[in-house]
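Q: Sequence:
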Amino acid sequence: MEFIKQLNDVQQAAVKATEGPVLIIAGAGSGKTKVLTFRVAYLLENGVKPENILAVTFTNKAAQEMKSRIASLTKELTQPFIGTFHGFAVSVLKKNSYPYPRFSIYDASDQSKLIKEALSELRISGSEYKPSLFKEIISRAKNELLEPSEYALSAKTSFEKKAAAQVYDLYQKKLSANQALDFDDLLMRIVELFRRNHPALEKHQDRFKYILVDEYQDTNTAQYELIRLLSQKHKNICVVGDIDQAIYGWRGADFRNILKFETDYPETKVFKLEQNYRSTKNILSAAQTIIEKNVLRKPKMLWTDKPGGEKLKIFVFEKASQEAAFVIDEVKRLLGLGFNLADCAVLYRTNAQSRAFEEACLGSGMPYKVVGAFRFYERKEIKDVLSYLKVIIQPKDILAWKRIINVPPRNLPKLSEVFWEKAQKEGVSGELTSVLKGPKKEAFLNFLRLVESLKDKSFSLKLSDLVKEIADKTGYLERLSGKSWEEQERIENINELISIAKQFDDHKSEAAEKFLDSVALIQDADTLSDDKNSLNLMTMHAVKGLEFKAVFVCGLEEGIFPHSRADSKEELEEERRLCYVALTRAKEKIYLSCVRQRNLFGSYNESIPSRFLLEMPAELVEVQGEVWDEDGISIQLD
DNA sequence: CTCTACAGTGTTTTT
DNA sequence: CACTGTAGAG
Ligand SMILES: Nc1ncnc2c1ncn2[C@@H]1O[C@H](COP(=O)(O)OP(=O)(O)OP(=O)(O)O)[C@@H](O)[C@H]1O
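Mapping the first sequence onto numbering that gives the first Met the number 0, position 462 (from 1) lands on 461, and the numbers just tick up by one.
In short, the hints are calculated from the structure, not lab data. Incorrect hints may appear among the rest.
[What the hints assert, rightly or not] Capping the alpha-carbon separation at 30 Å, the derived lysine-lysine pairs in BS3-like fashion look like this: (1) K513 with K379; (2) K456 with K424; (3) K379 with K173; (4) K299 with K310; (5) K382 with K440; (6) K208 with K173; (7) K202 with K94; (8) K94 with K440; (9) K401 with K382; (10) K440 with K173; (11) K467 with K93; (12) K66 with K440; (13) K134 with K155; (14) K161 with K115; (15) K531 with K507; (16) K424 with K436; (17) K129 with K173; (18) K456 with K115; (19) K115 with K531; (20) K4 with K299; (21) K507 with K467; (22) K33 with K66; (23) K93 with K454; (24) K4 with K134; (25) K436 with K115; (26) K305 with K331; (27) K115 with K507; (28) K112 with K74; (29) K454 with K467; (30) K331 with K115; (31) K15 with K93; (32) K66 with K115; (33) K4 with K280; (34) K280 with K548; (35) K112 with K401; (36) K331 with K312; (37) K548 with K297; (38) K271 with K66; (39) K461 with K436; (40) K548 with K312.
What you are looking at is a predicted structure, and each value in this text was computed from that prediction instead of being measured.
I would like the entire structure built from these sequences, with the hints used as guidance.
A: Printed below as a string of structure tokens:
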């Protein structure tokens, strides 16, 4: 138990307070995650069984890191359940065969398809009301644990809301017809399971006697309720968070959950960590200056005994390409000073901004990785191949059937609604030929035979071989055998998929299902490179929880950051918290940059510097170039 | 039936 | 500009 000496007094006390509810609130870089990790190790060393511990992290990546730290701290060989809310939900739901023994997990594009179907069936014009709008409304309702009927009760005020209630209802029916759950359902159903089935709840309460939750300020109602239910009996619940770092309000997270904690559990022990171990004094003061302008917060103490350090550097450029070129040059200079590429991070508000940096990297031979960009599993060829796997293990998934029935083309385009309705009701089988005409009958039977033969093989082949078989026997690879650079890349992607599938080869009959589930739960942050030799480019959201020696915060212009769509007071406060998060990632160096002309949509827009830039106290920053206002007049910071 | 070309449309952040 | 969806040619 020597390891605990690495912690300061308050941190140690927080680790040792293993029984009863514990709330750890603290600013950035004060060791919250570290305390949580040590707490798990401490529990294990004190004889708590691994299976009695549940630790919830914000990303899979953070879970991995926590697992490996714990492994190095304890002798215990089996790991507790450490994962995200969604990962936990999938594992519990599958074990309980709830709501179905097997279910597909639908991603954003699957959701859009179902919503579009619902819209056209309800004769709601998709051009007047955008599918994405309904997707957001439905997601919000689910995060609030509102079933369609409950949502309908509260949605009588406007035409839009009434329409949304109808769409939600139909969408949900479609999901269940496909025996599928969307992301939000994962949380909603696990709460439903525990509310309906007391023995199941009690079993899990007794199993997970010790519960720990990181980044608690960013939990939504469903997650909050899940934790409340699970911890009700033993009340050994430890949550850590920082309301100044709440940046997912737009997704239904509510930082009031952490403020409520003490009233929810009156016997709560509160620990406040006030020493920051990450950043220099200058960085910390700059971050404080920004966050102190928020009204919706509780002031917190945060200090460091690190040196003042360098001033933050502000750079002003004409165009984004120059901003990017500068950043890459500066990174190269840092390499000369002994920095690793992995010590640097380039942060921006919107994904679209990554482009300029990618081009600059490519142009100067700088290895880089865009965190969360073009997600591998969202590529067409990957989704196609995976859909074959889906219909094999979950034949009720009509959306998957629709995706592949004519991919590659086999004379079965745009089948009638009657066909799909019948398929939905009675399942996909030879019976369906009764609603097909002429040559399509034969084409369809051939297709069915193909899927059947793949299904037969799924029992004997290893998963990776099955995936390979799919790519071959369906003619998918053959079709791609072309010469274009693009097709070449697709072939490589499929091969990549085959090699990823290898990791599941030893799961035997469950391999395909496990594989599909894990694919569905992959997050942007998981693509963060471990590679010491590439520069990480990412959004300020994706950087949550990480730290780097040098951080470049780019695109500090009004309209970009804070974003133009954030206009309410609350949203602006969230932008400000995002800025606080970005700044507090840095250990030593911060570069802030903005450009005068931002190209949005292909045309140039004049921009003015972000308020966050202008608020920087003059004594903490060094300005290179002129900071101007909307009339082009240069202004002084104060 | 399939593919391509173009028009129209829309850009926050993501589990 | 980049993505989607549709109309017409092949
Ligand atoms: N007692 C300590 N002594 C030395 N270093 C510490 C101590 N506690 C934490 N640290 C270091 O401080 C840094 C920040 O820790 P950690 O990531 O756990 O903080 P956090 O509060 O979770 O941060 P954030 O909320 O900003 O993500 C890490 O590098 C960690 O190793």
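Q: Now look at each hint and say whether the structure bears it out.
A: Consistency of the hints with the structure:
no.: 1; hint: K513 with K379; in the structure: holds (21 Å)
no.: 2; hint: K456 with K424; in the structure: holds (27 Å)
no.: 3; hint: K379 with K173; in the structure: holds (23 Å)
no.: 4; hint: K299 with K310; in the structure: holds (23 Å)
no.: 5; hint: K382 with K440; in the structure: holds (26 Å)
no.: 6; hint: K208 with K173; in the structure: violated (37 Å)
no.: 7; hint: K202 with K94; in the structure: holds (12 Å)
no.: 8; hint: K94 with K440; in the structure: violated (40 Å)
no.: 9; hint: K401 with K382; in the structure: holds (12 Å)
no.: 10; hint: K440 with K173; in the structure: holds (26 Å)
no.: 11; hint: K467 with K93; in the structure: holds (27 Å)
no.: 12; hint: K66 with K440; in the structure: violated (53 Å)
no.: 13; hint: K134 with K155; in the structure: holds (18 Å)
no.: 14; hint: K161 with K115; in the structure: holds (17 Å)
no.: 15; hint: K531 with K507; in the structure: violated (35 Å)
no.: 16; hint: K424 with K436; in the structure: holds (20 Å)
no.: 17; hint: K129 with K173; in the structure: holds (19 Å)
no.: 18; hint: K456 with K115; in the structure: violated (35 Å)
no.: 19; hint: K115 with K531; in the structure: violated (43 Å)
no.: 20; hint: K4 with K299; in the structure: holds (25 Å)
no.: 21; hint: K507 with K467; in the structure: holds (16 Å)
no.: 22; hint: K33 with K66; in the structure: holds (12 Å)
no.: 23; hint: K93 with K454; in the structure: holds (21 Å)
no.: 24; hint: K4 with K134; in the structure: violated (49 Å)
no.: 25; hint: K436 with K115; in the structure: holds (27 Å)
no.: 26; hint: K305 with K331; in the structure: holds (26 Å)
no.: 27; hint: K115 with K507; in the structure: violated (37 Å)
no.: 28; hint: K112 with K74; in the structure: violated (49 Å)
no.: 29; hint: K454 with K467; in the structure: holds (13 Å)
no.: 30; hint: K331 with K115; in the structure: violated (48 Å)
no.: 31; hint: K15 with K93; in the structure: violated (34 Å)
no.: 32; hint: K66 with K115; in the structure: violated (41 Å)
no.: 33; hint: K4 with K280; in the structure: holds (25 Å)
no.: 34; hint: K280 with K548; in the structure: holds (14 Å)
no.: 35; hint: K112 with K401; in the structure: holds (11 Å)
no.: 36; hint: K331 with K312; in the structure: holds (17 Å)
no.: 37; hint: K548 with K297; in the structure: holds (28 Å)
no.: 38; hint: K271 with K66; in the structure: holds (25 Å)
no.: 39; hint: K461 with K436; in the structure: violated (38 Å)
no.: 40; hint: K548 with K312; in the structure: holds (14 Å)
Checked against the numbered hints above, the structure violates hints 6, 8, 12, 15, 18, 19, 24, 27, 28, 30, 31, 32, 39; every other hint is satisfied.
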